[in-house]
Structures are given as structure tokens and as C-alpha cells.
Amino acid sequence: MCHRRVVESNQNPDFPNQYLPQREQRQHRGDERANSSPAATMPPPLTHPLFSPPELSYTHTSLLLQPPIRPDARTPTQFRPIIAETNILPGTNGSARICFPDGNEAVVGVKAEVERSAGVIGSLLRKGGRGEGGGGDDNEEEGRKGVGENAWVELTIEIPGLRDDDALPVFLAAMLNEALLASGDLVDRLWINQRWHWKLYIDILLLSPPLSYPIPLLSLTTHLALLSARLPRLISEADEDPLFDNDWEASIHLYPRHNKSSEPTPSKPTATKPKPREQPPVTLLVTVVGENIFFDPSLEEIAVADLLLAVSISETIDDSEPPPEPKPTTTKPPRNIRLLSLRTIDPPARLTPPGVPDALNTAVTQAETPKNKAATTDADVDYSGVWVPPKGGSKRKLIGRIIQMVIEHGGVGEEVLEGLEGVDVG
Amino acid sequence: MAITITPPRPAAILDPSYPPEGEGDNDDDYFDPDGDLQMAGRPTKRAKTTSIVTPGETITEDPQWMRGHGTYNPPNNTKILATVAGTLTTTNKLLSIRPLRARYAPEIGDLVIGRITEVQTTRYLVSLSSPLLSPLPLSAINLPGNILRKRTATDSLNIRTYLSENDLVAAEVQTLHADGSAGLHTRSTRYGKLRNGVFLRVSGTQGGVARGRRQVFELGDGVDVYLGVNGFVFVAQRLHGRSASASAGSAVAEVAATTYSSQNSHIPPATRWEIARVAGVIRALIESGVRVDEEMVRRGYEVSLEEDMVGGDKEGVGYLGGEKGRRIVRRVVGG
Chain A
1 MCHRRVVESN QNPDFPNQYL PQREQRQHRG DERANSSPAA TMPPPLTHPL FSPPELSYTH
61 TSLLLQPPIR PDARTPTQFR PIIAETNILP GTNGSARICF PDGNEAVVGV KAEVERSAGV
121 IGSLLRKGGR GEGGGGDDNE EEGRKGVGEN AWVELTIEIP GLRDDDALPV FLAAMLNEAL
181 LASGDLVDRL WINQRWHWKL YIDILLLSPP LSYPIPLLSL TTHLALLSAR LPRLISEADE
241 DPLFDNDWEA SIHLYPRHNK SSEPTPSKPT ATKPKPREQP PVTLLVTVVG ENIFFDPSLE
301 EIAVADLLLA VSISETIDDS EPPPEPKPTT TKPPRNIRLL SLRTIDPPAR LTPPGVPDAL
361 NTAVTQAETP KNKAATTDAD VDYSGVWVPP KGGSKRKLIG RIIQMVIEHG GVGEEVLEGL
421 EGVDVG
Chain B
1 MAITITPPRP AAILDPSYPP EGEGDNDDDY FDPDGDLQMA GRPTKRAKTT SIVTPGETIT
61 EDPQWMRGHG TYNPPNNTKI LATVAGTLTT TNKLLSIRPL RARYAPEIGD LVIGRITEVQ
121 TTRYLVSLSS PLLSPLPLSA INLPGNILRK RTATDSLNIR TYLSENDLVA AEVQTLHADG
181 SAGLHTRSTR YGKLRNGVFL RVSGTQGGVA RGRRQVFELG DGVDVYLGVN GFVFVAQRLH
241 GRSASASAGS AVAEVAATTY SSQNSHIPPA TRWEIARVAG VIRALIESGV RVDEEMVRRG
301 YEVSLEEDMV GGDKEGVGYL GGEKGRRIVR RVVGG
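Protein sequence lines correspond, in order, to chains A and B.
Note that the first sequence covers residues 1 to 426 in full-length UniProt numbering.
Note that the second sequence covers residues 1 to 335 in full-length UniProt numbering.
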């Protein structure tokens with residue numbers, strides 16, 4: 001079962017300042033600048049993703065081609081190479097860092113804290129019958145299903161140059177939080193006993209000003225940080241005040257591992273049927289130009305996109321059923337990938353200034369046109385190579401195709417998760 | 001494989017031949033804060049590591065050192081502090097800091113590429129990634145039609161039809177003002193509004209665009225490369241009028257007629273692949289911190305062609321980032 005939430009936002013409350021054209025931005029900042037010195041000749045910050053109409057037109061027409069030509073000559077599903085490492089912050093339960101080659105870099109730290117639950121009665125009432133994001137099939141086994149609360153996970157994003165109540169960090173945090181809480185599996189795991197729970201603080205720091213829409217970067221980093229996160233082992237009994245093993249070696253992973261060969265579990269026969277383990281979510285950014293679909297778009301591509309879509313997926317690993325007999329063929333078994341959420345992001349292309357066709361441009365002399373009269377009707381005007389901001393939405397079929405590309409066997413989702421598995425998470 | 005995720009490479013260990021050439025091949029090139037000359041009987045030679053100083057860091061309190069670029073000497077004190085983040089270099093007793101990244105300092109005669117950020121009544125303000133915006137007066141651009149005519153009030157009313165915000169221009173630095181901003185001009189068919197291509201930004205002082213004999217050159221099959229000295233680069237389809245073979249008069253007229261067009265010409269896919277390849281080469285050079293000039297770009301372009309010949313990429317160019325980009329740069333630098 002998957003939750004699909006497609007929300008079309010017509011205004012741009014969720015888009016950062018720098019994606020607005022220059023003039024609007026002035027107005028946004030007017031109040032701040034008014035009482036500062038007349039810094040009329042101070043240049044804007046270098047990271048302004050501003051594009052002239054010819055540049056936008058060039059990128060757009062290149063991406064419309066069949067096969068498309070991306071500005072950096074990647075294939076449509078190719079990602080930029082990523083540098084990743086985990087467990088870099090000593091004071092956290094889990095942390096990760098990811099670098100993009102363009103210098104974009106994010107650090108995520110996960111801290112856990114024991115917190116007293118709101119009330120025993122409340123927790124009892126909630127027990128078993130919440131099912132808000134739990135996928136409907138509650139009252140399964142163990143009273144732990146649905147005991148968690150969404151407030152137990154707090155996710156904040158800090159982006160240099162932006163205030164913490166600016167639209168971009170708030171929106172990004174909401175989007176990541178939504179994917180994280182979608183199944184309710186994580187918050188259930190934070191439950192300690194009737195009176196106590198873990199409170200998880202996920203702090204995301206973008207080290208560079210956002211060069212492009214940073215959701216994939218932040219989401220991949222959060223994924224790795226959560227995978228590397230460990231919680232101390234509980235040694236107290238059921239409803240006592242929690243007491244933990246102070247041996248960090250004995251700590252357990254927040255997201256349990258496949259206890260096959262990596263960690264030889266001491267003399268504990270895991271004869272009991274292991275539960276399916278849900279892995280932390282991954283959010284991918286997808287753009288659509290015409291009929292072409294692109295993953296991991298760069299700034300230029302985002303600037304001309306007809307549609308910008310954030311797709312959150314997560315994988316559930318079911319250890320209970322052994323993988324089918326390895327076939328002689330080299331194909332890998334399909335992964336159990338679930339779509340968690342789908343959100344459209346208002347593409348900045350709508351706010352870009354349109355180009356002026358030569359026929360209407362008084363600064364271009366048209367010596368070579370046979371009829372030297374000015375084009376009077378729109379039909380006379382040649383609009384090829386002129387940037388026209390896109391209007392309208394995208395076809396439902398196209399969104400279906402994106403979802404399929406992400407979750408199908410051998411699709412992009414599997415490749416990304418496979419790449420992330422290659423990272424040593426400690 | 002759609003995605004490659006690698007662990008970070010260990011910090012680069014500098015080879016003993018650092019610094020590569022030029023300034024001070026004397027033995028005590030590194031800075032020794034403890035004292036004066038190297039002691040003769042020093043048992044081990046200190047490994048040459050580049051350490052980065054940060055703004056505000058005290059470099060030395062020893063009065064024998066003189067302060068150079070990027071340093072500061074507080075009054076009534078012999079301390080020398082760093083004012084920029086960068087690597088320390090010493091020339092005899094002069095301490096200076098080579099910044100890691102710096103803004104462009106204009107010089108007269110530089111070919112620069114800029115983005116119009118503001119349009120005023122009689123001038124444009126152009127962002128060159130220098131500390132201040134640079135003015136481009138209306139009187140310093142070629143107006144359409146006849147090239148030499150008086151600027152009228154109508155022209156200043158129409159100022160936005162020539163260039164407007166976000167447009168890219170190639171220009172030359174004509175004057176330097178007292179505050180360090182540059183006065184620009186575009187009074188040549190070589191300069192003017194840029195279209196039919198892609199824009200890249202090169203930054204840093206380690207790599208970056210080096211001033212060369214030519215900043216605009218043709219490459220491969222129908223591609224023009226504009227290397228702005230300020231680190232802005234534009235890779236575009238070749239302008240017909242630019243080639244030397246074209247008859248001068250008509251070509252100039254054609255270029256002049258379309259100077260202020262914001263409509264791209266028809267660009268065939270083959271040219272787009274070439275542009276993507278050149279842009280990829282330049283990006284790879286930037287990422288490896290290699291200087292970008294005509295020679296390096298040409299060599300990189302040829303190496304990338306060879307690589308594709310060997311590798312046999314089926315379609316087009318292939319992504320020139322990551323390992324492939326580094327391989328190309330290694331071959332370029334290795335010669």
C-alpha cells in the first residue's frame with residue numbers, strides 16, 4: 001500500500017528567494033536593505049541561479065531532443081558521482097556527510113534522548129489503534145505497532161544564508177519528515193516502555209549555499225546517518241525507569257541490520273522469525289522536460305523544468321523468507337521498494353523572463369527578410385530558439401511513468417539503494 | 001550503474017617537488033614560526049605540508065617578518081594576523097597569504113564575461129564576480145544600425161531592448177575606477193550579448209582562468225569558447241561572422257544586426273554534443289584545480305576525443321565528471 005500525495009502548489013510559497021527573478025527579489029529584500037548603506041553597486045551573492053533567455057532556451061531545446069543532451073552529457077538516469085562517509089561526528093548517535101562534485105555538501109547528525117511520554121493513559125489509548133501512517137493493518141503482533149508518535153522525531157535543516165523560518169528549510173524539513181514518518185515504523189521503534197521513549201533529533205546542515213534544489217543531497221545524507229545511528233541497549237525490565245548498557249559496543253542499530261555474517265550474534269539462535277526490516281527513506285528529485293524524464297537534475301535543468309517532482313521511496317527487507325534459489329543468471333532479485341510520497345515542487349521556470357523573438361525585437365535589424373514589414377500577428381513570429389516559460393501541468397501518464405522508473409525492478413530506485421549499500425555505515 | 005558513491009579520498013600528500021615552479025625554490029620555502037634560519041644540525045627535515053591559515057589567526061609575533069598580501073598588523077603590536085583563508089607563502093622575510101578563493105580584480109584590457117544585474121537610465125551594471133558591480137555605459141556599446149552615431153534620449157528610453165537583466169555579455173575592461181570597479185565597453189563585434197551556448201563559472205585562484213594570448217578561440221567542430229578572465233566561461237556555437245574566411249563587410253554587418261538578439265539560432269545536435277564535451281572538459285579541469293586557458297582546453301578536448309575513441313561510448317560524449325574527468329586531467333597535465 002502506498003500513500004500518494006500529489007499537491008500542486010500554484011503560488012510559490014515554498015520556493016527559495018533565489019529562484020525568483022531579480023526584480024521580485026529586490027522587493028523581498030527591500031525592507032532589509034532600506035536602512036543599510038546604499039550598497040547599490042554591491043554584487044549579488046555568486047550563487048544566484050539567474051539565466052538569460054538564450055541560455056534557458058538552449059538548455060530547454062537540448063533536453064527536448066530525442067535522445068536528450070543534458071548540459072553535462074549525463075544519461076537521463078545518471079547521477080553525479082557522490083562522495084559519502086558516515087560516523088564523522090563523535091558526539092552523535094549517527095552521522096553522515098555527502099559531497100557532490102559541484103561543492104555542495106551536507107552533514108547530518110542524529111541524536112537520541114530519553115524523554116518521558118506524555119501520559120500513560122494516553123499511550124495506552126493510542127496503543128494498537130492509531131494506524132495514521134501505519135498502513136492500515138494494525139493489531140498485528142506485539143503491542144508495539146502504532147505506539148509511536150510523530151512528535152518523537154524532530155528534523156531541522158540549516159542552510160547558510162537562510163533564516164530557519166524561511167520557506168525553503170521549512171518546506172524541505174517537512175518533506176523529509178513526511179517520508180520518514182510515512183510508515184510509522186521508525187517512531188514505533190523509539191518506544192521504550194509505557195512511560196518513556198526516545199526522542200530523535202535529526203539535524204541537517206548544508207555546508208554550502210544551495211547551488212541546486214538540495215532535496216536529494218539532504219535525503220541521501222539523512223538516509224546514511226540513520227543507517228549508522230545506534231542506540232544504547234536497554235537493560236532494565238519492562239516498565240521500570242529505563243537503564244542502559246553503558247558499553248557502546250553492545251549498542252543496537254536504530255535500523256536493525258541483516259545479522260548474517262557481519263555481526264556474529266553471540267550464542268543467540270535467531271530461530272524466531274525476523275520481522276521485515278524497513279530501511280530509511282530516500283527522496284529523489286525528478287524533472288520532466290517535454291516527454292523526457294531526468295534524475296538528479298542540475299541547476300540549469302531545474303531552471304527549465306516543466307515539472308519538478310520529489311519522489312520518496314523506502315525499501316523493506318524481509319529476512320524471513322530466504323531469497324529464492326540463486327539462478328545461474330546474474331540478475332539480482334527484485335527489491336521490495338515502496339513509494340512513500342510524491343510531491344510536486346513549483347518549477348522556477350514559470351517565473352523566468354521570456355525571450356524576445358527577433359521579429360519583435362527593435363534592436364535587431366532584419367535586413368535579410370524579404371518582406372520588411374514588421375510581423376503583425378503572432379503566427380508570423382518564429383518562436384524557435386526563443387525561451388517561453390512553460391505553462392500548465394504535466395500528464396498523469398508521465399507521472400505514472402516516473403513512478404514506474406523509480407520502483408520497477410532494475411529501475412533507478414534499486415540502483416540508488418544499491419549504491420547506498422556500498423557505503424560503510426559502521 | 002546510475003550512481004557511484006565513493007568514500008572520500010585521503011588528504012593529498014604533496015609531492016616533494018612542491019611548489020611546482022617559480023617563487024623561491026630555496027629550501028626554507030615553508031614558514032618556520034619558531035625563528036630565523038634553519039639550524040644546521042637539525043636532525044630531521046620537517047615534512048613540507050601546506051597548512052591553511054584562517055582569518056584572524058596569528059601567524060607570528062616575531063618582529064623580523066614583514067607583512068604582505070592577505071595579512072594584517074594590528075597597531076602597537078608586532079603580531080601578524082591573517083586576513084584571508086589560504087596558504088602561507090614567504091619570500092625572504094615577507095609573509096603573504098595566497099587565498100583559496102578570491103574575487104576577480106579587474107585590469108584594463110581584460111576580456112570578461114558578465115551578467116547584467118541592473119539597468120539604469122544611461123548605464124548597465126554588470127556582475128563580474130569582482131568586489132563591486134561594473135558599469136557598462138550606454139555610450140560604450142555598439143548601437144544597432146550604424147555603429148557610430150550620437151546617443152539620443154530615445155536610446156536611453158530603449159535601454160532595455162538592447163540588454164536587460166540576466167543577459168550575458170562579453171566585454172572588455174576599459175577603465176578602472178578609484179574604488180576598484182571596472183568600466184566596461186563592448187565596442188567591437190567580438191563583444192556583446194552572448195547566446196547559442198552554455199555558461200560555466202570557474203572560481204578559485206588555484207585553478208581558474210589564466211590570462212592568455214587569446215581569450216576567445218574556436219575549437220573542434222563549430223564551437224567558440226569565450227574564457228572570461230573573471231572566471232566566467234561561455235561555450236557556444238560558432239558565430240558565422242567570426243571566422244576569418246568570411247568576407248569582412250557582410251559578416252560584420254550580419255553580426256552587428258543580430259548583436260542584441262535573444263533568439264538562439266538553429267543548433268544541430270552534433271554541435272550541442274560538442275558544446276557539452278567542451279563544457280565537460282572545462283568542468284573537469286576546474287574540479288581538479290588546473291588552470292584553464294586555451295592550451296589546456298584544447299589538450300583536454302583532444303584527450304577526451306581519444307578517450308571516447310578507445311572507450312567506445314555508444315552515444316555522444318558521456319559524462320566527463322568523476323573518475324573519467326580525473327583521468328582526462330591527468331593525461332592533460334602529464335602531457
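Be a bit skeptical, because a hint or two may be false.
Covered stretches of chain A (chain B as the covering partner; in silico rule of three or more C-beta atoms under 8 Å from a C-beta of chain B) [to be verified]:
no., stretch
1, 71-82
2, 180-186
3, 384-395
Rather than coming from a laboratory, the hints here were simulated on the basis of the structure.
By construction, the Cβ of each residue, glycine as well, lies at the ideal position given by its N, Cα and C atoms.
**Request:** Establish whether the coverage given for the stretch 71-82 of chain A by chain B is satisfied; the threshold is a Cβ-Cβ distance below 8 Å, and no fewer than three residues must meet it.
**Result:** Holds: 11 residues of the stretch 71-82 of chain A have a Cβ under 8 Å from chain B.
**Prompt:** Do at least three Cβ atoms from the stretch 180-186 of chain A come closer than 8 Å to Cβ atoms of chain B?
**Reply:** That given contact is violated, which follows from only 0 residues of the stretch 180-186 of chain A lying within Cβ reach (below 8 Å) of chain B.
**Request:** Check, residue by residue, whether the stretch 384-395 of chain A contains three or more positions whose beta-carbon lies closer than 8 Å to a beta-carbon of chain B, and give the verdict.
**Result:** Check passed, 4 qualifying residues.
Checked against the numbered hints given earlier, the structure breaks only hint 2 and satisfies all the rest.
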